[in-house]
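Protein chains: 2
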Amino acid sequence: MKRVIKTAFLLPAMLCLCGVSYGGGPVVNAADYGLREGADNTPAIRKALEVCRRTGASKLVIPCGTYDLYPDGAADKYCNIANNDDGMKRVVFLLDGLEDFEVDGDGSLFVCHDHMVPFEAEGCRNLRLSNFSVDWASPFYLQGQVVGVDEAANSFDMEILDECSWELQGRRLAWSNKRGATTDNWYFMAPPMQKDVVWYQDLYWNIWYDPETKAPAYCDELTTRVMGWNFALDRPAVVSDLGGGTVRLTDACDELPREGWILVSIGLRSPNRLSPAIHIAGCEGVEVENMTVHHAAGMALVAESSENIILRNYNVLLPEGSPRIVTATADATHFVGCKGDIVLEGCTFENMLDDGTNIHNVYAEVERPAGPNSLVMTLGHSQHQGFRFAFPGEQVALTEARTLRPYRTLTVDRVEAVNSHTFEVTFREEIGDGLRPGSVAENLTRQPDVVIRDCEVRRNRARGILISTSGKVLVENNRFLKCTYAGIMLSGDANYWFESGHVGDLTVRGNLFEDQGLVTGNAPVLCIIPEVGEGSDPSWFYHRNIVFEGNTVNSFSRVLVEARSAENITFRNNVVNPSAGYPLADPAAPAFIFDRCRNVDIGGNSYNWPAPATVHAGPGCSAITASGNAGIDDFRLD
Amino acid sequence: MKRVIKTAFLLPAMLCLCGVSYGGGPVVNAADYGLREGADNTPAIRKALEVCRRTGASKLVIPCGTYDLYPDGAADKYCNIANNDDGMKRVVFLLDGLEDFEVDGDGSLFVCHDHMVPFEAEGCRNLRLSNFSVDWASPFYLQGQVVGVDEAANSFDMEILDECSWELQGRRLAWSNKRGATTDNWYFMAPPMQKDVVWYQDLYWNIWYDPETKAPAYCDELTTRVMGWNFALDRPAVVSDLGGGTVRLTDACDELPREGWILVSIGLRSPNRLSPAIHIAGCEGVEVENMTVHHAAGMALVAESSENIILRNYNVLLPEGSPRIVTATADATHFVGCKGDIVLEGCTFENMLDDGTNIHNVYAEVERPAGPNSLVMTLGHSQHQGFRFAFPGEQVALTEARTLRPYRTLTVDRVEAVNSHTFEVTFREEIGDGLRPGSVAENLTRQPDVVIRDCEVRRNRARGILISTSGKVLVENNRFLKCTYAGIMLSGDANYWFESGHVGDLTVRGNLFEDQGLVTGNAPVLCIIPEVGEGSDPSWFYHRNIVFEGNTVNSFSRVLVEARSAENITFRNNVVNPSAGYPLADPAAPAFIFDRCRNVDIGGNSYNWPAPATVHAGPGCSAITASGNAGIDDFRLD
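Protein sequences, first through last, are from chains A and B. Residues in the first sequence are numbered from 39 upward in steps of one, following the numbering used here. Residues in the second sequence are numbered from 39 upward in steps of one, following the numbering used here.
Quick caveat, the hints were computed from the structure, so don't treat them as lab data. There could be a bad hint or two in this list.
Since copy identity is lost for identical chains, a pair holds within one copy or between any two.
[Claimed, not checked] With a straight-line Cα cutoff of 20 Å, these simulated EDC-like cross-link-like pairs (lysine to aspartate or glutamate) come out:
(1) K85 to E75
(2) K115 to E462
(3) K85 to D110
(4) K252 to E494
(5) K510 to E432
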């Protein structure tokens with residue numbers, strides 16, 4: 039935290055709470071440019087922002103109200119958005135390049151209509167977003183609740199949320215931005231020529247929620263997933279319209295859902311992250327405070343290639359009183375290639391379809407040398423296109439893709455884009471013949487320090503948080519409740535997600551973890567699984583220096599720690615209780631599972647399940663000790 | 039033609055045939071920058087073009103050869119491409135802004151790989167493309183030939199062209215840019231994260247070809263179309279793999295195909311026009327000569343908002359010796375919002391999935407006034423986004439969308455884009471309260487003169503040519519053979535395609551029309567069907583001054599002329615013979631059908647079908663005469 043407190047932009051930020059503007063320039067009130075409830079406020083905000091630019095304003099004030107935002111009058115911008123879907127976007131708050139600037143919503147709610155990126159900030163310096171909420175008038179997903187189950191007919195009936203514009207296309211359940219708008223697209227195979235048909239989807243990617251817990255249903259994700267094609271029966275699922283907004287799905291899943299369960303489907307998984315709510319790119323100093331995102335088609339907030347991002351009381355929450363069961367259809371927050379400090383304080387993230395946060399950098403694939411000092415590289419993930427991998431002066435490591443082990447550190451002289459997929463990096467050093475086949479490259483400089491404190495991540499699909507940075511990371515006094523997989527995950531891979539970053543100093547303390555692993559039945563609270571291939575040097579470890587202490591874990595999951603290629607893990611003074619709400623996982627299974635780990639210390643913990651916990655250490659492990667615990671069998675491997 | 043001959047850029051173009059460069063600058067040889075057969079030549083061409091720009095070169099020479107072009111090293115450009123699909127494109131020959139410049143291919147063949155726009159020219163002046171061919175290594179469509187038909191099982195077996203990378207996804211037949219690459223997308227619903235999975239499709243939009251004629255099969259388009267869902271049987275079609283590249287389709291169409299027929303499917307109709315071969319935008323003076331396009335995912339050549347475009351011996355042809363049955367998956371040429379002269383001379387267009395040419399402008403929808411002189415307008419067609427509707431000094435007419443009748447002419451002062459869909463036009467005149475509800479606007483200035491001479495359009499889906507311009511149009515000595523609908527179409531609508539342009543001076547003479555209407559069984563050789571709603575002023579006509587004379591028509595189609603809202607039509611000295619190859623349409627039907635037409639003269643024609651031709655004139659017609667013909671009943675309506 040020290041570095042954050044020293045940054046200059048915090049002082050004016052604090053001052054602004056006392057009514058003084060952020061940067062000293064004039065304050066612009068959007069109401070003076072046509073903002074009013076009940077209208078399309080996109081033109082008014084666009085006009086007010088033009089005035090802000092022209093006058094060098096320090097603050098745009100939105101008087102408290104509920105404001106609709108339509109894409110019609112919004113600016114176009116082609117956006118590469120890391121881990122979301124690129125494209126030509128309509129942007130309402132186009133904040134690019136603004137410095138020492140603040141948007142103060144005064145408690146306003148912005149209601150977006152159809153695809154857009156309401157907040158886009160590229161190349162800003164000292165930007166502050168505060169005191170507003172963002173929602174969409176209708177969700178981009180399909181939601182339906184099971185109102186009847188017929189085991190004999192292998193079918194269930196589902197009442198679809200009135201907000202969703204759906205129709206049947208033969209056996210298929212499709213939905214769109216406009217009720218009845220998709221028929222022509224299907225039957226006559228006509229293109230969506232008209233301006234009112236913008237998107238449509240049918241049942242692909244989906245998940246069940248439990249209305250009692252408002253969390254993902256406790257079930258097997260694969261057998262209960264609704265499919266268009268039933269693999270076991272080798273025939274298509276059939277959807278029929280029962281009238282009154284209710285449909286019957288027959289042969290749609292291997293295991294029928296329970297009555298009351300709520301299905302959420304986003305349709306095709308990609309492209310589907312088309313409208314994240316807030317996109318921050320290439321910024322220095324961004325503060326988001328007292329803000330809530332209720333929905334987004336994609337991530338609620340994504341920051342890339344930026345420095346010093348502080349989120350305080352930034353929340354991702356279901357709209358109050360709404361029957362919706364999902365907020366953002368991807369992560370609540372996501373940070374790619376950032377540096378400096380990332381701070382999340384007092385934030386609550388609920389009911390997302392992906393993680394609470396994921397902080398990582400990107401592995402680029404090394405294609406070939408382009409000169410004695412130069413390498414041609416590409417970005418392997420379709421959602422990393424256009425990502426800025428490195429900047430002059432930064433350290434980049436060449437790394438074996440198979441083992442993920444860095445073997446050479448180089449200093450960037452310059453980076454030239456060939457296109458959004460390919461770029462050429464010229465280093466200050468000659469590479470010589472040292473380039474190994476099957477190499478990737480990782481950026482060693484853009485490794486932020488992170489503080490996540492007093493936050494709550496709950497009822498989301500996927501993980502609590504993912505950390506991949508060699509900076510100092512503190513995860514303290516948070517609550518991670520009812521997610522579908524691990525509480526805290528340390529990953530790293532160069533073959534699919536291409537997410538890089540070796541943890542070097544992580545402390546997880548004083549947190550509550552409760553009932554993670556809802557769709558697997560057994561997920562580690564701490565999961566360290568870099569995709570390090572077999573046959574790597576046993577004396578090298580991908581992640582290091584991880585302290586997990588003083589946490590409380592109330593879980594149905596037997597496995598507490600699963601770790602691969604990590605050294606110096608301390609699991610100390612934690613209390614682990616059996617879940618109160620879900621059946622416990624197989625108690626015969628080990629609670630600690632290590633694969634190629636060194637120097638693990640498990641001590642001072644209280645494990646309060648009926649069956650004591652055990653430790654399993656696979657090949658390549660050494661110096662693993664469990665002793666001085668209650669309810670954990672002693673274990674020692676030298 | 040006079041205006042064309044006077045334009046300055048023709049003289050150097052002719053000189054260049056004698057080895058003198060086009061603009062006086064140096065000549066760059068791409069071989070000096072790494073061009074060589076067997077390699078990816080995109081980087082070499084990019085480098086050579088950089089040198090051309092730097093040195094002010096007048097000509098880029100490609101020594102005769104076959105050159106592969108891959109997208110990997112190509113530049114990115116976000117392209118709005120009229121009547122094709124917009125998006126971030128990889129462009130190889132990125133010619134934007136070049137003046138007095140020529141690309142001379144010396145007879146070379148460029149073989150493109152995967153989606154790209156090989157030739158993109160925006161804002162050029164005096165550009166010449168000559169002496170090369172463009173093809174793709176594998177087609178974007180799926181092609182298969184019927185090798186067996188089982189009436190009892192309502193199925194047919196189809197052998198798929200080896201060039202197509204297909205697989206089964208349950209009952210569905212899918213194809214992709216890489217064999218076997220789509221399984222994960224389907225089964226695990228994973229996004230196409232990896233760089234080698236770029237696109238995939240399944241059986242939507244499709245058409246049958248007849249291998250004997252190499253033309254579209256003579257059949258009913260709707261009943262023979264292959265469907266994923268069988269509407270009549272209310273169940274899905276089923277595709278099964280018979281091995282050896284053969285699949286069986288059951289319940290896939292209402293009427294089974296014949297053995298030998300060839301199916302071509304492009305998958306979803308939109309987005310599917312992603313890779314036109316040549317895109318020209320905002321250029322003045324473009325000459326394309328001795329050039330052939332063999333395939334394109336979209337149009338072979340599309341020019342928009344440009345002036346003076348000459349195509350000589352520009353062809354769209356099947357690759358020699360190839361089993362492929364389709365060239366471009368859309369039009370051979372298409373001109374939107376152009377002015378000056380458009381010339382097509384000695385061109386052959388075959389086996390496209392859309393028209394030989396379509397020359398039109400765009401109706402913009404008037405949304406609301408934005409001031410006494412200003413109107414906010416939008417572009418109603420999804421493939422017109424970003425189109426530049428008008429420029430300062432141009433004449434724009436306000437028009438009733440329902441009747442298509444212009445009611446007020448205004449002069450453009452300036453146009454400001456709100457985004458690619460919406461723009462604000464400020465006129466020199468005040469509009470006052472004269473704006474009628476339900477209005478569109480059309481550009482009266484961008485109405486090119488057109489010469490289409492010595493061309494052949496054959497074996498394509500859709501029409502021969504579409505003409506919508508008030509300029510002088512001459513269609514002379516061409517051959518229009520075996521298309522699926524009308525030979526020459528004059529259209530206009532403000533509700534779906536939004537194509538504008540009143541014909542004012544059209545002469546069609548000395549052409550051969552043969553067997554148009556293959557999938558309808560009866561299509562007019564001259565089809566004039568502007569979508570003028572009922573109740574329009576009967577004294578006003580959308581198209582005017584159409585002379586159709588001295589043509590030969592060998593056709594199975596009974597209807598020769600279908601016309602709506604047109605005046606001054608002369609159908610003179612034409613010879614009409616029955617088709618030699620196809621069954622004749624119902625001879626009892628009228629050959630001339632008029633709806634709200636005035637001043638029609640049918641004289642001096644020889645109609646050589648067994649049954650004489652008759653004229654039908656509906657309500658709102660006047661001054662229609664047929665006399666002095668052989669084989670056409672005399673007709674007179676005053």
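- [ ] Please name the hints from earlier in the document that this structure breaks, with their numbers sorted from lowest to highest.
- [x] Of the numbered hints, all hold.
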